[in-house]
Amino acid sequence: MNPANYVLLSALLFSIGAIGVLVRRNAIIVFMSVELMLNAANLAFVAFARMNGNLDGQVVAFFVMVVAAAEVVVGLAIIVTIFRTRRSASIDEPNLLKY
Amino acid sequence: MTGGEVGTGEAIVFWVSGTLAVIGALGMVISRKAVHSALFIALTMVNLAILYVANAAPFLGMVQIIVYTGAVMMLFLFVLMVVGVDSSDSLIETIKGQRVAGLLLGIGFSILLVAGIGNGLMETSSVGLDAANAAQGGNVEGLAALMFGPYLIAFEVTAALLITAAMGAMILTHRERWMPRRTQRELSQERFASGGHPGQLPPPGVYARHNAVDTPALLPDGSTSDLSIPEPLRAREDVRDVDQADIEEVRQLSAGSSSTEGEDR
Amino acid sequence: MTEIIPAEGIFGLLWVLIALPAAGAVILLFGGRRTNSWGPYLGVLTVVGSAVLGVLMLLAMMDQPAEERTVIQNVYDWVFVGSFQASFALQLDQLSMVFVLLITIVGALIHIYSLGYMSHDPDRRKFFGYLNLFVAAMLILVLANNYLLLYVGWEGVGLASYLLIGFWQQKPTAAAAAKKAFIINRVGDVGLSLAIMLIFVTFGSITFQDVFGQASEASEGTLTAIGLLLLLAAAGKSAQFPLQAWLLDAMEGPTPVSALIHAATMVTAGVYLIARSNAIYDAAAWAATAVVVVGLITIFMGAIIGSAKDDIKKSLAGSTMSQIGYMVFAAGLGPIGYVFAIFHLLTHGVFKAGLFLGAGSVMHGMNDNVNMRRYGALKGVMVITFITFMAGYLAIIGIPPFSGFWSKDEIIHAAFERNWVIGAAAILAAGITGFYMTRMIAMTFFGKKRWEDDAHPHESPAVMTIPLIILAIGSTFLGMALLFWGNIEEWLEPVVGYESVPTPLPTFFYIVVTLVVVIIGAIIGWVMYARKDVPVEAPRGNALTRAARQDLYGDAVNDLLVVEPTYRTAQALTTFDTKAVDGFVNWTATFVGDLARRLRRSQSGFARSYALSMVGGALIVALALILVRL
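Those protein sequence lines, which keep their order, are chains A, B and C. Taking the numbering used here, the leading residue of the first sequence gets 1, the next gets one more, and so forth. Taking the numbering used here, the leading residue of the second sequence gets 1, the next gets one more, and so forth. Taking the numbering used here, the leading residue of the third sequence gets 1, the next gets one more, and so forth.
Take every hint as true, because none was put in to throw you off.
On the chain C side, residues computed to face chain B include the following (Cβ under 7 Å):
#1 PHE606
#2 ALA622
#3 ILE626
Simulated from the structure, these hints should not be mistaken for lab results. Think of the CB as a built atom: it goes at the ideal place given N, C-alpha and C, for glycine as much as any other residue.
Put together the whole structure using the sequences plus the hints.
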């Protein structure tokens, strides 16, 4: 088996995450799909680190994890705040950018 | 499981974990209830941690489980509790053509990526991380050497980012208290003032001698509580009679326990 | 050839001739109301000063031998661009000397007359400022030593004419007349600019000395073109056919203006130009012929128009047009005629100014009424005016020994030296001149009173009659003085050249025939207007009379050929601008608006739609990247 299979798996997970962002209406599920995309990227980094023989990919994956964690914190805080005022967690609800 | 080439064991791990990861991802996208989605993605993340370990990144795999699955997904679940675990998405799409377009684009994107990767990466060889891991005396030491060496600035900046994120979350979710906090006394007074039932409805089996649904519970004075029978059974008059011996026992218990009323709670 | 003497002695003050009236103009026009009280007197003094200087320079010039009478004074190095050089340099020779005297002396007399004529006008300080401006510009014109400086003077007199015709600017007719004069003049000015350009290209210089020295070396085609362009300029300035329509309207200006500018001096600038450029016309026979034809047509046009006008000033204007036609006609005859063109210019300047000032005096006495049908029997009431007017009358119709006789007969004689047909035409025109001038004096001074009820005709004050008397003396004696005592032919010959060709019949014959024709014309005029009663309402008249009242349809032709097409073009362009240009611009705006309205709908506000477009975009970018590498 080819180590590149990991990258293929990562691509597949990434696409599934993208579809999730597009078709789900619940804000938290959309957020989870974004997390899935980040994880897929992490997998790709780790696979590349293994393929190239140095640990840079793993370091980057580590930083991605940190940043994703921070992003989750702030993102969920925003969702909670919006939920408090609108009492709905649908991302179709705040459409103030409408013409 | 280190080294450049993929051995048989690793191949098996890959196929099993990979398949489970994909199933988890699909499950997350398709689930109706939000909690189910959270659990599915937790499954995916655990499988990804296994794959990390298979790729000679044990530290990362552990961090994935501890931080990602353990902290981040739990955070998601907490927010789901705030938002409402019962809430489920209606699966009817309100934006016209969004679902079709989304599916098409997503599938197209995947085909593109797969084609690109397949074209580029299939002939490459893999070096493996034996040497890199051994260079500093272990995977963690190797990562540390890189992180506090060339990637030091990124490390510091990411630390600042974390602090900022934490502060941001605190500020965003802070709710200013405009009125003094209502004490427990005030809360219970409100509860009773409206005239509704003061406490929880008695579940079936309070002072119950039986745990059957159609057997009413006994109140302290020996009378039966109709409220402990579910509505449909009450409506059908499908209520069983209570044993007299049980009623006597209850009366005794309540008479005896009247002096010790306050302690139980 | 003539030598150039340096500008020493009295000639060193050549620039002062121009500087005095120029300073007067500046002080009066920029000084404002502070100069109102003494302004007019300053205006008079500057021109009188220039006149005195001019006379002194004449005396000095007469002391010089005939070959050494050209003075050139370089005042200022003006335009020096590559090979194009034009200095502000003044050339005083015999030709410009006579013009200087005419302009300053007649100008001074008219300035003095204006003190009386404009005494009731609140803007008279401005009037004198403009008059001084005119005198300065006209002096630049005749004293220039190169074509560019001449053009400066040319434009300057055009400007002064505009300002003075429209002096009573609150009258719409005056403003329109000023505009008309300026615009028609402009057409002529185009001719002059093109001529100067062509001269520079051909000769490499525009100084008179250089151009006339090399005139014979250029090709005849080029010289003909230059000559025709200069003729166009002269026709514009001198109101010759086809640019004559403005002169009659120019009578809207005050009478001193009509006298000075549109009789004596500005309208003669065209004749000066042709006479000065004699070297070019001598070498281009076709251009000279064109000059003769234009002059001849204008002689008859002016005479016919003047015969039918009831407005005394307009009748005199027609007469001016005709007399200048004589001058242009003579100038076109070549060396046999240049001298007499200038001679007639000088005598005409004096007697026509006298006639105009006399008309002004009559108008002053008749409450500014110009209609001759309302005059009649004024000879007893305004005696000095009557006598001076008669002097001018006899001069213009050419009765010996008055000045006009000598100059006009020389022209007729020169015409016969060339060709008996044009000579006969000139004699006929002289007869018509006799007719219309007799008509004028008959209607004005003789016959029965036809005054309006509020008219109290009286003689004008001395400040107005003294210039009349001086000009009448000139009308009487100037001709003989210039011909016999001044030897005008010899005087001008070094500059313009003079020839005399023998005529088939003796000179005496032509004089007699001319006199007879003139007297017949005068008798006809007398009989029609002094013997018969002049109706107060103008009778319908025959077709020629009606045509003459309409200026021989000159305005109608201009309207048809120039005004209407220009108007239509302007309207077409405006419509194009509004419909096509504006329409296009507005269409662009509405198009953008419509497009925006349609595109706006893509902003649905749904985050998922935006995410969809983001994924789509990422897809395209990834596709591009991958395809490039495949």
